[in-house]
Amino acid sequence: MANRILINFAHPRFESSVANQVMVSAIKDLEGITFNDLYEEYPDYLIDVKKEQELLLSHDIIVFQHPLYWYSAPSLLKEWQDLVLEAGFAYGDKGYLLENKYWLNAVTVGGTYESYSEQGYNQFPLEVSMKPFEQTATFCGMKYLKPFAVYDVFRISKEKMIDAAESYRKHIIGLQNHLDLVTGSYT
Amino acid sequence: MDTESVLFKALIFLAAAVVGVPVAKRLGLGSVLGYLIAGVLIGPFALGWVGKDVGDIMHFAEFGVVMMLFLVGLELEPKKLWRMRMPILGLGGLQVLFTGLIISSVAYLCGVHWQGALTIGMVLALSSTAIVLQTLTEKGLMRTDAGKSSFAVLLFQDIAVIPMLALMPLLAVAPIIDIADEHSTNQLQGWQQTLAVIGSIGAIIVAGRFLIQPVFNLIARTGLREIFIATSLLLVIGITLGMQWVGLSPALGAFMAGVVLADSEYRHELEVGLDPFKSLLLGLFFITVGASINLDILIEDTQTILWLVLALILVKVVVLFALAKFFKMPLIENLIFTFALAQGGEFAFVLFSFASQNGVLADEMIATLTVVVALTMALTPLLMIFSEKVLQPLFDKQELEKDFDEIDDGETPVIVAGYGRFGQIVSRLLRSQGFQTTLLEYDAVQIDLVRKFGTKAFYGDVTNIDLLKAAGAKTAKILVLSVDNTDKAILVTELCRKHFPELKIYARAKGRREAYEIKKAGAHFVMRETLGSALLLGREALVDLGFRKFQAQRAAQTFLHYDSKHMDELTDLWGDEKQYILAATEKAELLEAVLKSDIQDRAEMQDHAWDSDLRKESQNTNHEH
Chain A
1 MANRILINFA
11 HPRFESSVAN
21 QVMVSAIKDL
31 EGITFNDLYE
41 EYPDYLIDVK
51 KEQELLLSHD
61 IIVFQHPLYW
71 YSAPSLLKEW
81 QDLVLEAGFA
91 YGDKGYLLEN
101 KYWLNAVTVG
111 GTYESYSEQG
121 YNQFPLEVSM
131 KPFEQTATFC
141 GMKYLKPFAV
151 YDVFRISKEK
161 MIDAAESYRK
171 HIIGLQNHLD
181 LVTGSYT
Chain B
1001 MDTESVLFKA
1011 LIFLAAAVVG
1021 VPVAKRLGLG
1031 SVLGYLIAGV
1041 LIGPFALGWV
1051 GKDVGDIMHF
1061 AEFGVVMMLF
1071 LVGLELEPKK
1081 LWRMRMPILG
1091 LGGLQVLFTG
1101 LIISSVAYLC
1111 GVHWQGALTI
1121 GMVLALSSTA
1131 IVLQTLTEKG
1141 LMRTDAGKSS
1151 FAVLLFQDIA
1161 VIPMLALMPL
1171 LAVAPIIDIA
1181 DEHSTNQLQG
1191 WQQTLAVIGS
1201 IGAIIVAGRF
1211 LIQPVFNLIA
1221 RTGLREIFIA
1231 TSLLLVIGIT
1241 LGMQWVGLSP
1251 ALGAFMAGVV
1261 LADSEYRHEL
1271 EVGLDPFKSL
1281 LLGLFFITVG
1291 ASINLDILIE
1301 DTQTILWLVL
1311 ALILVKVVVL
1321 FALAKFFKMP
1331 LIENLIFTFA
1341 LAQGGEFAFV
1351 LFSFASQNGV
1361 LADEMIATLT
1371 VVVALTMALT
1381 PLLMIFSEKV
1391 LQPLFDKQEL
1401 EKDFDEIDDG
1411 ETPVIVAGYG
1421 RFGQIVSRLL
1431 RSQGFQTTLL
1441 EYDAVQIDLV
1451 RKFGTKAFYG
1461 DVTNIDLLKA
1471 AGAKTAKILV
1481 LSVDNTDKAI
1491 LVTELCRKHF
1501 PELKIYARAK
1511 GRREAYEIKK
1521 AGAHFVMRET
1531 LGSALLLGRE
1541 ALVDLGFRKF
1551 QAQRAAQTFL
1561 HYDSKHMDEL
1571 TDLWGDEKQY
1581 ILAATEKAEL
1591 LEAVLKSDIQ
1601 DRAEMQDHAW
1611 DSDLRKESQN
1621 TNHEH
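These protein sequences, in sequence, are chains A and B.
Counting from 1, one number per residue, gives the positions in the first sequence under my numbering.
Counting from 1001, one number per residue, gives the positions in the second sequence under my numbering.
In short, the hints are calculated from the structure, not lab data.
Check before you lean on any hint, since a few could be wrong.
Here are the simulated PhoX-like cross-link-like pairs (lysine-lysine), alpha carbons at most 25 Å apart as the crow flies [what the hints assert, rightly or not]:
1. LYS1452/B <-> LYS1474/B
2. LYS78/A <-> LYS1549/B
3. LYS50/A <-> LYS1549/B
4. LYS131/A <-> LYS101/A
5. LYS1549/B <-> LYS28/A
6. LYS101/A <-> LYS146/A
7. LYS51/A <-> LYS1549/B
Based on the sequences and whatever the hints tell you, model everything.
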């Protein structure tokens, strides 16, 4: 059976982000995935914690699709983490209910691949910049997958953007059908 | 010139109205009194410009009353009417019963035979639908408690005319002289009468539903406005004649037809089309009432007539006041209600002439009583002015002294003054968060209603300092001032600032203008009642127009933020109209600019704000410099 994938999407300016519009339309209609548009769901930041937790429980792989803002997530997704991944659910007594589920960040990044290096002005490779996500997943007993990133989204051509979206789509389909949840390897 | 021609008469009537009404209005007397006085002046007993046939004209003008009830019916859907059944039957029924009984007894004690006494009692128990509704509408009181109750009583009276007409022949003492009269030819047996009544009511309902609507559909499709109006007139006239034929009150029939058509899509067109006719005919009717006041009899027997006028008004006032009190109407509303209905009605003219034909009453007595009724009608606008300007301010103060529920809520941090639609939401929110609220409300009906849902609100006028004290204004932290009357809100604010300086006032305001005034009176926080809901609705509309929800939310929030800020900044300018309008226009333009630039900024931000390379470039440029 295919793995159940939840995509928690967060973009406060989705209406004017070409990159994310292309990315979203590439995966939104995939069969068997749940697309959860957080800014559309909670424009007033009033997150329904119970509902979000139930969504997590009924999926195997949680994808966080968002632009990388200040080496982190848009504020609503941060709010989501603060409230939904609470003690007694994601960790702590009677917690760890997300244990062994997979966590993937799918990010759009303004800088180039080269800028995310010791020589670049972003100083650290992307995986290092995004360590807080990794540690959050690990803390909750979840398995952290290597981020899927599209770099330089403001400059690349429309064709390249579409290519990137297509490979994002393939990436998700791969997770859906070929990731062995027990071993973490592709079949 | 032919003074009997229709055009000449029209000239006289119209001139009287055009001169009389604006003058009366100017003097603050209202249009009804203007018409009545104009009528007296041109009538056969003063200048004599209109002849003795004024009775016929009045008969014709009574059609205005029929139209008025048709239009009233249009405003009243069956559901609303059903909700009014208690006041109609209770208040209306008891008013007719008690007033009728008292007047009958008095007449009997004065030596009238019992049949005549009963007739006089019944007829004089009625009030004037035309004068009361016109005056209340003009004063903008139709939507108040007093207005609604007055309407309920008038409606019952219109219904009561039917059995009265049926009863009259049975009370005859003299042999019926004019057997070939128009009324008598169609006189039906008792059971036939009942059948006719039920049949015609049914016919109106069925025809209204299934016949009139399609006909109007057809007519509307011709696109000829005058034909639509002609059809409307045809409808009302048809009902009038039909009702007369079966011996029912045409006004009642028209009212029912109106109710049946109240949810029809042509309601507004009917209203607009018929309204001018109604107004003109009513005016004509009032003029004829004035003209028919028989000044000869009045001069001949001044004392008797004045005593009778006084007695009739007094009996009505006492009964109406007591009933309203019994039905827990607040004192001020009670006064409006009582003095509005304290007169004889136009039905009296019809019923008296009917009584005369049936030989129930002697002609001289009828002549006297007709003058009495006309005089009480003419006095109504004056009585209402008297009540409004003299009595109400007097009792207003007295009412404040006492007359509120004992409050046993204990100390609560919040007092909610005005537990209507607005106060309920505030109170429920606060209570859901564990803050107890003491609820004050001025409308007894509302208190009963919320009590059914298990909420206890206390009766009393919040402008009464003693009530506020009893509610714990000294110890409470916040007064939620959610009354919808701005004058009251200002008064309460001033009172509280003076007597309870610690108490914070959170006030509801109708609009911007009212918000400034309440704020100036000293309220700590003022919120315009429509602002929040209008913004929420606007937000949803933006979403439907294709906005992301977060984007719409931000637009609404931005609007709220700047609008509130500008409102605060403009508070000091309020009062200086020129300055205010200037500044307000400027602020409105600013707000629009802010909202627009927010959208543009955000679009541009997408291109650059998170563009780290841009940052690098600017850094480099900095290095170069």
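| Restraint status (C-alpha distance of LYS1452/B to LYS1474/B at most 25 Å) | At roughly 30 Å apart (the allowed maximum being 25 Å), LYS1474/B and LYS1452/B break the hint.
| field | Given hint LYS101/A paired with LYS131/A - CA-CA distance at most 25 Å | value | 18 Å, holds
| Is the hinted pair LYS51/A and LYS1549/B satisfied, with a Cα-Cα distance of at most 25 Å? | Roughly 19 Å between the alpha carbons, so the hint for LYS51/A and LYS1549/B holds.
| task | Assess, step by step, whether the Cα of LYS50/A is no farther than 25 Å from the Cα of LYS1549/B, and give holds or violated. | result | 21 Å, holds
| query | Holds or violated: are the alpha carbons of LYS101/A and LYS146/A at most 25 Å from each other? | reply | Status holds; Cα separation ~14 Å.
| Given hint LYS28/A paired with LYS1549/B - CA-CA distance at most 25 Å | 18 Å, holds
| message | Check whether the Cα positions of LYS78/A and LYS1549/B lie no farther apart than 25 Å. | response | 19 Å, holds
Going down the numbered hints, you'll see the structure goes against just number 1.
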